[in-house]
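Visitor: Residue numbers (the working numbering), protein chains in the order written: chain L, 1 to 225; chain G, 226 to 434; chain Y, 435 to 623.
Hints are computed from structural coordinates only; laboratory data are not their basis. Even for Gly, the Cβ is constructed at its ideal location relative to N, Cα and C. Just so you know, not all the hints are guaranteed correct.
[What the hints assert, rightly or not] In silico SDA-like cross-links for lysine to any residue, where the CA-CA straight-line distance does not exceed 25 Å:
{"hint": "1", "chain 1": "L", "residue 1": "K160", "chain 2": "G", "residue 2": "T333"}
{"hint": "2", "chain 1": "L", "residue 1": "K160", "chain 2": "G", "residue 2": "R357"}
{"hint": "3", "chain 1": "L", "residue 1": "K164", "chain 2": "G", "residue 2": "R357"}
{"hint": "4", "chain 1": "L", "residue 1": "K160", "chain 2": "G", "residue 2": "V227"}
{"hint": "5", "chain 1": "Y", "residue 1": "K591", "chain 2": "Y", "residue 2": "A623"}
{"hint": "6", "chain 1": "G", "residue 1": "K430", "chain 2": "Y", "residue 2": "T474"}
{"hint": "7", "chain 1": "L", "residue 1": "K164", "chain 2": "Y", "residue 2": "T553"}
{"hint": "8", "chain 1": "L", "residue 1": "K160", "chain 2": "G", "residue 2": "T286"}
{"hint": "9", "chain 1": "L", "residue 1": "K160", "chain 2": "G", "residue 2": "G322"}
{"hint": "10", "chain 1": "L", "residue 1": "K160", "chain 2": "G", "residue 2": "Q352"}
{"hint": "11", "chain 1": "L", "residue 1": "K160", "chain 2": "G", "residue 2": "E354"}
{"hint": "12", "chain 1": "L", "residue 1": "K164", "chain 2": "Y", "residue 2": "R556"}
{"hint": "13", "chain 1": "L", "residue 1": "K160", "chain 2": "Y", "residue 2": "Y543"}
[Claimed, not checked] Computed beta-carbon distance windows for the label pairs:
{"hint": "14", "chain 1": "Y", "residue 1": "Q486", "chain 2": "L", "residue 2": "F112", "range": "54 to 60 Å"}
{"hint": "15", "chain 1": "Y", "residue 1": "L524", "chain 2": "L", "residue 2": "S165", "range": "54 to 60 Å"}
{"hint": "16", "chain 1": "L", "residue 1": "I217", "chain 2": "Y", "residue 2": "N608", "range": "42 to 48 Å"}
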Amino acid sequence: MPTTRLNLLNGLWAVLVKDSLCEFRTCYALSALFMFALISLTSISMSIGVVSLPAQLTAALLWIILFFCAMSGLSRVFVQEQESGSIVVLRIYASGQAVIFGKLLFNVIMLFGLTFFVIPLFTMFLNVDIYRWPMFIMILFLGDIGIAATATITAALVAKTQGKSALFTVLTFPILLPQFLSSIGATTKILADSQPDMSEIMFMAAYNVAIIIASSILFDYIWYD
Amino acid sequence: MVKIALGLWISGVVYAVFSMVPAVEGLGYLVRIAFFHIPVAWVAVLAFFLSAGWSVQYLRTREIQYDRKSAVAAALGLLFCLLATISGAIFAKLTWGAYWNWDPRQTTIFILLLIYGAYLVLRASIQDEEERARISAVYALLSSLTVPFLVFIIPRFYFSLHPEPVLNKVGKLEMNVVMLYVLLAAVGACTVLFWQLFECIVHNKQRSV
Amino acid sequence: MLFERLNLLVNSGQCLAVTGANGSGKSTLLKMIAGLVHPTTGTIHVLGDGRQLDIEERIACIGLVSPEIVFYADMTGVENILFLTRVRGLTCSLEQVEEFCQIVGLVVYKDNLVHTYSTGMRQRLKFAVMLALQPLLWLLDEPSSNLDADGKILVAKMIDNALTERKTVIIATNEPWEVEYADYKIELA
C-alpha cells in the first residue's frame, strides 16, 4: 500500500490561493483593515491640522495605526475557519506546516497591501518628508513581517477561545513589543533624516526569524490534538 | 514546621532591615523599600521561568500536573509582579517625585505584568482542560521567546529617547556587607515564601480533583 | 466515557460497520481514526506496508464523509475539490473534476458557490471529494443522510467500487442496507 508524504510547498500554495480567493470574494478582512487605516489617519490629521509633529511621535503613530489595523483584520485566517466550521476539513486534509506557512504568507501579503495604501496617505496627512526611501521600505518590510508572523500564531491560539478579538490584541501585544519598539526607533531615525544602525536592522530581522521558527515548531502542538 | 521556620526567617529579615541596615547616602531610610522590592521582583521573574519550564514539560509528556503547576506559578507570579510594580512605583515617587518614568527596569516589570495578565486571561477563556493546557503552554513558550529580545531592545530604546535617564539608583548602590547579607536573606525568604504558597495551592488543587 | 475495550483489526478490501444509538459515540470513533480527536486511553494504529504511519502519512491516506465536514461557502464546488486535492499534494485536471461532478450528479451546479447548495448537494460534493482524493481508508459517517433515492444508489455504488478497489471502508450508520456491506459489525452501546 503506497503512502505519500504531503508536499509542503504545494500545500502552502494551495492554502494561500484558497484564502486569497475567499478574501477577494468577501473582502471580510480587507475592508476592516482599510477602513480602520483610513479612519485613524483622517482623525489624527483632522485633529492636528497643519502642525508638524516631532519625528518620534509621527513614527509611533504610524506603527500604532499599522498595529491596530492588523489587530482588526489579521485574525480572520483562523477565526473565520473556526466559526464557519471549515477548520475540520483543513485539519483532516492539510498538514499543519502547510497551514501555518500558507496563512502566514497570506497575512504578510495583506499587511504589505495595507502598508502600500497607508504610506502615501500618511505622508500626505501628517506632513511627513521621507528622504531615504529604500531604508524606509526595508523597515516597513521587516516590521510588517514581524506583525503578521506574531498575529498569525496568536490567531491560531485564540481561534478556539471565547471572546476572540479582545483576547487577540491582548495576547499579541506583549509578544510583538520588541519588534514594535525597534520599528518605531528605526522609523524615528528615518523621519529625522538620519540612518538607523545596521544592528537595529539585524535585530528586526533576527526577531522575524525567531518568531517564524517558533511558530512553525509550536503550531503542531496547537493544530494536532 | 517549615512554616514556623519561614515565619521566623521573615521576622528576622524585617527586624534586620529596620535595625541593622544603615541609612544610605542620598536615599536615607527609603532604601528599606528596596529590601521588599528586589525580592518580590526576583520571585516574579523566577515564577515566569518556572511556568515556562513546566509548560515545556507538559507539551513533552502531556501530564496534566505540569499544566497545573504552570498555572499556579503564573498566578503567584502575577501577584508578586504586581507587588514589585507597586513597590517600585512608590520608591520612584518618594525618591524622584514621579511614580512612573518608563526607565528600563520599570518597563520590563510592566511587560512581565502584561504577559502574566495575557496568560491568565487566555486560560480563563478556554473550558476544555486539555485544550487549555496545550494552548496556554504554547503561549507561555512564545512569550518566553520574546524575553531575550526585550532585554536587548528596552535599554536601547529608552536611552535613545531619554538623553538624561533617571536610573534606578538601587542598582548602582555600593552595598556594604551588612546590607548585602540582609538583602540576600530577604531574597531567600521571599523565594521560600513563594515556594510554600505554591505547594499549598497545588496541594489544595490536587485534593479537590 | 463513550466506549471502552474496543479491539479490532480491519484489512484493506474489508468493510466495518459501526452501529449504535444516537450519542453512542459512532462519529467520535471515526473522528479518532481520522486523527481529529485523541482517545483518552489506548491507541489507534493505521498501518501501511506493515508499519505504523505517523500523523502526516495518516492524513495522506484518509478520507472522511461526515455531517461535520463543511466546505468553503465562498468557493464553487469545483474550487473546493481542487483545493482539497492540491493541499493533499495530488494533481487533478479540470476535466477530471468535471467527471467526478458528473458521477455524483452535481455537474449542473459545479460552478456555483457552495453557499447556494442544498444539504443534499453538499453531501454529494463530499463524495466527489472522495473520488478526487481516492483515499485508501474511507470513513463514512451517516453517508446517505440528506440524500434522495438516487443519492442512496450513488452511495451504494461508491462503497461497492471502493471495496472492489481494495480500499478499507468504515461506516458509522444505522441504515440496515449500509450495514449489509460490512464484513465486521460492532455495536456501540
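Visitor: Run every hint past the structure and note whether it holds.
Guide: Tested hints:
Distance restraint check for K160(L) and T333(G): the Cα-Cα separation of roughly 30 Å exceeds the 25 Å cut-off, and the hinted pair is therefore not satisfied. Restraint check: the Cα-Cα separation between K160(L) and R357(G) comes to about 10 Å, which is no more than 25 Å; the hinted pair holds. Under the criterion of a C-alpha separation no larger than 25 Å, the hint pairing K164(L) with R357(G) is consistent with the structure, at around 14 Å. Using a Cα cut-off of 25 Å, the hinted pair K160(L) and V227(G) is violated, with the two alpha carbons roughly 43 Å apart.
At roughly 29 Å between alpha-carbon atoms, K591(Y) and A623(Y) are farther apart than 25 Å, so this suggested pair is violated. Between K430(G) and T474(Y) the alpha-carbon distance is near 22 Å, which keeps this suggested pair within the 25 Å criterion. Proposed proximity of K164(L) and T553(Y) is contradicted: the alpha carbons are some 29 Å apart, above 25 Å. Distance restraint check for K160(L) and T286(G): the Cα-Cα separation of roughly 23 Å lies within the 25 Å cut-off, and the hinted pair is therefore satisfied.
Between K160(L) and G322(G) the CA atoms are separated by roughly 46 Å; this puts the pair beyond 25 Å, and the hint is violated. A hinted pair counts as satisfied when its Cα atoms are at most 25 Å apart, and K160(L) with Q352(G) qualifies at roughly 10 Å. Our distance criterion of 25 Å between C-alpha atoms is met by K160(L) and E354(G), whose separation comes to about 13 Å. Taking the CA atoms of K164(L) and R556(Y), the gap is near 29 Å; set against the 25 Å cutoff, the hint is violated.
For the proposed pair K160(L) and Y543(Y), the alpha carbon gap of about 33 Å is over 25 Å, so the pair is violated. Range check, Q486(Y) to F112(L): about 43 Å between beta-carbon atoms, so the 54 to 60 Å window is missed. At about 36 Å, the beta-carbon gap between L524(Y) and S165(L) misses the expected band of 54 to 60 Å. Here the CB-CB span from I217(L) to N608(Y) is close to 43 Å, well matched to the stated 42 to 48 Å.
Against the hints set out earlier in the document, violations occur for numbers 1, 4, 5, 7, 9, 12, 13, 14, 15.
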